[in-house]
Amino acid sequence: MRRPPRLEEDTAALPPPEPARSRRSPLDDPRVLGWGSIALVLIVWELAARLSAVSPLYLPRPSQIVAALVAMFASGGLALDLGITLWRIFAGFAIALVFGVLLGLWIATSFRARAVADMFIAALYPLPKVTLIPLLIIWLGTGGPFMLTISFLGAIFPVVINTVLGVSQCDPGLVLAARDLGATPRQIMRRVLLPSAIPSIFAGVRLGLGVSIILVVAAEMVVGKTGLGARLYLAGQILETEQVFAVLLVLAALGIIVTKVQDAIDVALGKWRAE
Amino acid sequence: MVRPAVAIEFDEIGLTFTSASAAPTVALEAVSCRFEAGQVTAIIGPSGCGKTTLLQIARGFLQPTRGRLQFVEPTERRLADRPPMATVWQAFNLFPWLTVLDNVAFGLDLAGVPRAERNARARRAIAAVDLAGFEDRYPRQLSGGMRQRVGLARALVMEPEVLLLDEPFGALDAQTRLILQEQLARLVETSGTTAILVTHSIEEAILLADVILVMTARPGRVAARIEVDLPRPRSVATTHDPGFAVLFDRIYGLLRDEVMRSMVSGEGG
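If you read the sequences in order, they're chains A and B.
Letter by letter, the first sequence follows residues 1 to 275 of the numbering used here.
Letter by letter, the second sequence follows residues 1001 to 1269 of the numbering used here.
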């Protein structure tokens, strides 16, 4: 097991910078800035599209996009496509998470497993996973197993790599303390190595889920008849530009939700790291 | 509490670390000593003399490359199994993701003690180190001295027959150290446990120990065995006792020679 030098526990860790009590202007509030700039872009876009002669075929107005979005949800089955895409992403991702953490623990604690895995990871990790789509279609067809596999492949590498990293960086003193208190090797793995690796595992989850989303949508664009990616591709084929933007909007919203949920989980998990 | 009945005997114990790339390192040469049941034995010596190594051998985490480690029941004159032991660490080694209560209850939890009982025992141990009210804090939220009291409670809650103290106050400031030394002296006196204390501090050794072993610079051997016959309970006031000064000077004299020797040979630290 690699044991990088650890910083001494710093009792004098500085508190995070206190947010200023009195703000000079609402422009100092990151929320106002974030949402305000989005609103500003939309307004400028709407005005520019109305005032210029650009065809809505190229650049539909935000109001048209929202109308298309509402229509697609109301009667076009966009909710079903969204559900299908979410299922594909999260089912494959969930398998990758469980399998990846177990595999990572094993690799991190077994010299032999590590030697073998290092080669496979070095060979497979840098490979763009989209390049596997043709092969996977040959093997699995284009149905559910294919989608699960592609989502799984997106998430598995970051999860495994970050689990290994997190376990390797566990303070050896904690392992010794657990042994001293009578922990068996299994208990050390479950009660010490795993919890100490959780921040690192979660960083891997962030990366992995992002790749899973990309891969599932890309795969849907290539082969799908259902799902957001398929919707996007078909709308583009028939030059329904508002619908293209509407699906992009859904994907962007999905990205925001996923990121914010991850932030919230990070805060909950990090209680003991704060202060 | 059951009186501990097992003494720990080191018979010519040596430990040499071999490595493929460098010359073998002799951490301990031939250490013979005995840790009496129910007594506090302090091990003091220059940096790198193998004090912690000795503790790890007693704990069973390191295997000696020569010599014999024995657990003896003196009254029955026969060998015994390794008695239950618990360690207090210089770096505290608390689990940062667990609260104070869960840290202290950790060992009981591993042993399968039901939740209600282990929490009750953990709360008693926390109260014994004056940390009642801090059960739900995380280690990061505590000062160094408080963290080490959690470390002490986590070891004592296991009701060990042997308490191993590996420079327990080495990472603390001088004032905190004094207070914790007094607290530890009281806890060890009342629990009647056997204790082995590794320390750099002569004062700490005299305040806490019944017997002090002075070790030589690497390779480590026992240079002297000194009985501390100052009355108990001991406290900071003990340091004004004339007997304290005599012991201090004697140990300092022995240590100074060893530290000088280790500095000359380039192994001091």
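Treat the hints with care, since some could be wrong.
In silico SDA-like links for lysine to any residue, alpha-carbon gap of 20 Å or less [to be verified]: (1) K271(A) with T1099(B); (2) K271(A) with S1201(B); (3) K271(A) with S1235(B); (4) K271(A) with Y1138(B); (5) K271(A) with L1098(B); (6) K260(A) with T142(A); (7) K271(A) with G1133(B); (8) K271(A) with Q1141(B); (9) K271(A) with L1142(B); (10) K271(A) with L1069(B); (11) K271(A) with D1136(B); (12) K260(A) with L80(A); (13) K225(A) with I38(A); (14) K271(A) with I214(A); (15) K225(A) with I214(A); (16) K271(A) with T1018(B); (17) K260(A) with T109(A); (18) K271(A) with F1134(B); (19) K225(A) with V32(A); (20) K271(A) with P1096(B); (21) K260(A) with P199(A); (22) K271(A) with R1140(B); (23) K225(A) with T142(A).
If you're looking for bench data, these hints aren't it; they were derived computationally from the structure.
All figures in this text were calculated on a predicted structure; none of them were measured in a lab.
Here is how each hint holds up against the structure:
A distance of roughly 10 Å separates the Cα atoms of K271(A) and T1099(B); the hinted pair therefore holds under the 20 Å criterion. Under the criterion of a C-alpha separation no larger than 20 Å, the hint pairing K271(A) with S1201(B) is inconsistent with the structure, at around 36 Å. Distance check on the hinted pair: K271(A) and S1235(B) sit about 39 Å apart at the alpha-carbon level, beyond 20 Å; violated. Distance restraint check for K271(A) and Y1138(B): the Cα-Cα separation of roughly 8 Å lies within the 20 Å cut-off, and the hinted pair is therefore satisfied.
The hinted pair formed by K271(A) and L1098(B) meets the criterion: a straight-line CA distance of about 10 Å does not exceed 20 Å. Pair hint K260(A) plus T142(A) does not hold up; C-alpha atoms about 32 Å apart against a cutoff of 20 Å. Of the supplied pair hints, the one linking K271(A) and G1133(B) holds, its CA atoms being roughly 19 Å apart against a limit of 20 Å. Annotation: proposed proximity of K271(A) to Q1141(B) holds, straight-line Cα distance about 11 Å (limit 20 Å).
Simply put, K271(A) and L1142(B) have alpha-carbon atoms about 14 Å apart, close enough for the 20 Å limit, and the pair holds. Distance hint between K271(A) and L1069(B) is unfulfilled; the C-alpha atoms sit about 44 Å from each other, more than 20 Å. Straight-line distance between C-alpha atoms of K271(A) and D1136(B) comes to about 12 Å, which keeps the hinted pair within the 20 Å bound. A hinted pair counts as satisfied when its Cα atoms are at most 20 Å apart, and K260(A) with L80(A) does not qualify at roughly 23 Å.
Taking the CA atoms of K225(A) and I38(A), the gap is near 32 Å; set against the 20 Å cutoff, the hint is violated. For the given pair, K271(A) sits about 31 Å from I214(A) by alpha-carbon distance, which is inconsistent with the 20 Å threshold. For the proposed pair K225(A) and I214(A), the alpha carbon gap of about 17 Å is at most 20 Å, so the pair holds. At roughly 43 Å between alpha-carbon atoms, K271(A) and T1018(B) are farther apart than 20 Å, so this suggested pair is violated.
Between the alpha carbons of K260(A) and T109(A) the distance comes to roughly 33 Å, so the proposed pair goes past 20 Å and is violated. Annotation: proposed proximity of K271(A) to F1134(B) holds, straight-line Cα distance about 16 Å (limit 20 Å). Proximity of K225(A) to V32(A) is assessed by CA-CA distance (about 40 Å); at most 20 Å being required, the pair is judged violated. As the CA atoms of K271(A) and P1096(B) are separated by approximately 10 Å, the hinted pair is consistent with the 20 Å bound.
In summary, the hint linking K260(A) to P199(A) is supported, as the alpha carbons are separated by about 16 Å, within the 20 Å threshold. A C-alpha spacing of about 10 Å is found between K271(A) and R1140(B), which places the hinted pair at or below 20 Å, so the restraint holds. Between K225(A) and T142(A) the alpha-carbon distance is near 10 Å, which keeps this suggested pair within the 20 Å criterion.
The structure fails to meet hints 2, 3, 6, 10, 12, 13, 14, 16, 17 and 19 from the earlier list, while all remaining hints are met.
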